[in-house]
Amino acid sequence: MRKTFPFLLGLLMVAACENKTYDIDNLSTEVTLLEDEISVPIGNFGPFNLELVNQIPLVGQVLGSVLKTEADGTILCEAQEELYKISVYEIMAKTKEDMSKPFSFPIGKKYTSPYTLGSLFQGFGFHCVDQHVTLSVTNPLNQAYTLGGDAFVTCRNTRIYEICYENYFPLKDIPVRRSSSEVELLDMNLPDSVYFTPEEMGFRDLSINLPERPADHVWSSWNSEFVFSSSYTGHIAAGENAELPLAMFGLTSISVKFNLPIESYEFKEVEVSIELENTLPLQVEITRLQLMTGEDAAVDENLVATPGDLTIKGGSLEKPGQTPITLNIKAQEGIIPDITGIQMGLAVKSAPGYADTLLSFKQGVSVKSASATLRGGVTLGVSNE
Amino acid sequence: MSKRILLAATALIGAVLTLNAQSFTEGFFLRGFNRAYQYNPAIVGENDFIGLPQWNFQLVNNVGAGAFLYPAGDILVTGLHSSIPASTFLGNLPENIRFRGDVNATVMSYGFLKGGAFHTIDVNVRAIYGASLPKELFRFLKLGAKDGASELGGMGLGGNLFIELAYGYGRKVNDWLSLGGRVKLLLPMHGAQFDISRLDLTTNQEQLKMSLRGDLYLTNHTTNIHTNDQGFWDLSTLSKKGTTGFLPTGVGVALDLGLLATPAEGLTLSLSVQDIGAVFCYYANRATMGGTATFEGFDDVTYEHLNGEDMKKLLTDTGKEFLNLLRPIGFYGHSWRTQGLNMQANLGVKYEMPFYRRLAVGATGRHIAGAGLPYWEGRGTVEVNPWNWLDITANLGYGTQGAVFGLAAAVKFHHFQLTAGWEDGFGGTLLASRTPIQRNFRTIIVGLTYSL
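Heads up: the protein sequence lines correspond to chains A and B, in order. Take the first sequence: its position 83, counted from the start at 1, is 89 in my numbering, and no numbers get skipped. Take the second sequence: its position 320, counted from the start at 1, is 316 in my numbering, and no numbers get skipped.
Keep in mind the hints are simulated off the structure, nothing from the lab. Computed from a predicted structure; not experimentally measured. Ideal placement from N, C-alpha and C gives every residue a C-beta, glycine not left out. You may find that some hints are simply not true.
As the list claims (entries may be wrong) - Here are the simulated SDA-like pairs of lysine to any residue, each with C-alpha atoms no more than 25 Å apart in a straight line:
#1 A/K374 x B/V297
#2 B/K316 x A/L266
#3 B/K316 x A/I30
#4 B/K131 x A/I30
#5 B/K309 x A/S270
#6 A/K263 x B/F294
#7 B/K309 x A/I30
Claimed, not checked - Stretches of chain B that chain A covers, calculated by requiring three or more beta carbons in the stretch to come under 8 Å of a beta carbon on chain A:
#8 67 to 75
#9 247 to 254
To be verified - Facing chain B, a subset of chain A residues (Cβ under 10 Å, in silico):
#10 T38
#11 E41
#12 G49
#13 N50
#14 F51
#15 F54
#16 E168
#17 E172
#18 N173
#19 D179
#20 P267
#21 A376
#22 G382
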C-alpha cells in the first residue's frame, strides 16, 4: 500500500499532466495555405480601345479636339472651310470695269491649309490615305458664269520639307450653273502615293466672269454672294515607319492607375498569364515595367515584375495580333500589397505588315484568357482575439 | 477565425464520442460496486440500492491535438504554418480523422433483489456527438489541389440527445454461474446531422469548379422550417417558441447480455455484450445542399470596372455563387435515419490472491465495433481493498489508440457509495482545455449510490 499510492500518483502525473509545451496562449495562428501552387482563371478584360486615349492628359485634350470617325469607327480626318465670299453688290461697288457689258472681277489667290488629325500624325510617320479634295463655288445669279484662274493642290513632305505633290486645274472651261447652291470646281482623290495632307489647296489667279449689270441677274436679294469653299477628307494608316513621339509629350514613362485590392490575401509570388489581343496596327514596346502601390500610387521597388520589357504585336480588326505574356510578380520582402497602378516605358510604332491598315476608334487591346498562378501559398494571419 | 474557435476545434478534435453503453471496466473489479451490472448484467448486486446521479463521459479520437499543433521555439504553431513541412503534418494524420463523444447522465437508478434475481431500473440522459473529416481536406489546405483536382467529400458532423430507459435482470443459475440481460428503450429527443458526401474541387488556369452534395437533418418537434420562394430554408421561421417540444422523435431498442462465472475460489470470469440494437430517428426537417459552381474568369471587364468597388463586387458575386451551394434546400417528406449502436464486447478475468484476498489481479479486453472508428484494447489490472470502506483499482494496457491506463476508487460511508473512475491515454493534454495531445480513449465516471 505504501508503494501503491505513489505509483498511482506517478501514473496520474505522467498521463494526465498538462503539457506546458502546448500552451495555447503562445499559439501563433498564422497559416499558409496552398503552399505548392494553385491556378485560377481571371477572365477577359477589355477591349481597351482608342477612346481611352482621350483620358490621357494633354494628348487626350489635343486629340479630342480634332477626332472624328466614320460610321464604322474609322478615324476620319475632315476639314471644311469657306475660302472666300463676296456679294454681287460688293463686286459692283469695287469693280472699275464697265458693267454695261460682261466683265471680269479679279480675286487673286484664295487657299487654305486644312488641319486635321492626319496633319498632326503625318509628322510622326503615319500616312494620310484616301485623301479627297473638293473645291466648290455658289452662283447667286439666274444665269451661268465662268471663272478664270486655276484650282490647285500642293502637298509637302514635312519630314524632308519638299513638295511631294503639286497640280493645277484650269477653271475656264467649267461653267457655273445658274442659281446653284454649290458647283464643284474640283473633286478629286489625291494619288495613293501621296501620304501628306495638302499644304495648300484653293485657287490662284481667281477671277469671276460676270454678265452685264450683274445685279439685274441676282436670283434673290437675300442670297447675292459668291461663296468659294473647300472640303478635305482622309483617313490615317500606320505606314511603315510611324512612331508616336511620346517623348515630346513627356510620356516616355506612363502611369496607369487602378486599384487591385490583394494585400489581404498576403501573396508572395503571383504569375499572371494572359493572351493580349491587339487590333491596332501598331506594336507597343513596353520597357521598365514597374508596379505602383499605396494611396499615392508610387513605384514600389520591393515588387519585381518580370519580364520588365516586352513587345505587344500589332494587328487589325480583321486579323488581331496575338501576344502571349507571362508576367511574374514577386515581393522581394514581405507580401504583395494592394496594387494601385502600373508604370512603364512605352514606345508605339508601326506594326510590320499592317502599313495600310486604317486607324479606327474600335481598335484597341483586349486581355484574353487571363489566369493567375500563386506559388508559395497564401498566408493568413488569424486574429488573436 | 479566432483563437477561441481554434481552441474549440482542437477540443472537438480531442473529444471522442462512441455511441456505446457505459463501459467502465473498472466496475468489474470494484467490490460491491452497485452499478457493476452496467458493465455486465450478469453481475448480481449484493443489496438493494438507489442510484443518485452519475456522470459518464467517454471520448474516442484517432488523432490528438498534437497532430495539429507543433512547438516551434517559444511559440506553438499549427500544422498549416509555413515552418511545418507538409510531410510532417500530413504524416501525422490518419486517412479519416474521426472523433466521437458520449455524455451520459444517469438521472435515477434502482436495484433490488427479488425472487432470486437482481432487478435494475435506470433512467439516463445521453448526448452523443461526433465528426469525421477526410485527411484530403488538410492536404488541400496545406498544398493545394493535386493535379488541379481534389476530392474532399466524406465529412460529417452530428449529435443526438437520447433518453434511455433500461431494465436489467441478473440471476445466479447455480453456485458458479450467473446470467443476465438488460433491455434498453432509447428515445431520441433532439438531433442534428450534417453530411457532405461529395466535395470536388478543380482549380486550373481554365476554371475554378466546385461540386458539392450535402444533407442536413434537424429534428424539430412541432414546427417545420419553412422555405422561401426559391425553396431555400428560411431560418427566420424557426421561432424560439414551440419549435422543440419534449416528445421523442424516434425509438430504439438495445440489449445487453452477460455471463459471469466463478469456476474456482477467487477466480471470476466475465463475458458481456452490450448495445445490440439500433435507434430509428425521425428528422422533421431535412435539407439538401449541392450543385456545381464554376468560375471561368470574369467576362467583359472594362476599364471602368478597374476600381476598388466594382472589382470587389465582382469578386463578392463570384464568391456568393460558390457559397450558395451550401444553402439548404428544403426537402419535404418523412426522414427516418437509422442510428447504429456500437456493439461492445467485454471480457474480464479477476483472481483474488489466496494469500491476501483483499488483493486481486486480472485482465480485461474490450472491443467496440464502431463504424469508421472501431476500438479494441487489453488491460492488466490490480485491485486492492485495504479497508471495507475503500476499494482501489488500477490498470495498464494497450489499444488501438495507443497505451492506456485506468484508475478507479470506490468509497463507502454509511450507506453511501461514491465511485470515481478515469480511463485515459498517455501523452498529456493541452493546457486548460484538457484536450488530448495524442490519439486517445478516455472515460470519466463519477457516481453516487445509496444502499438500502
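(message) Flag every earlier hint the structure violates by its number, smallest first.
(response) Result: hints 3, 7, 9, 16, 17, 18, 19 break, sorted rising.
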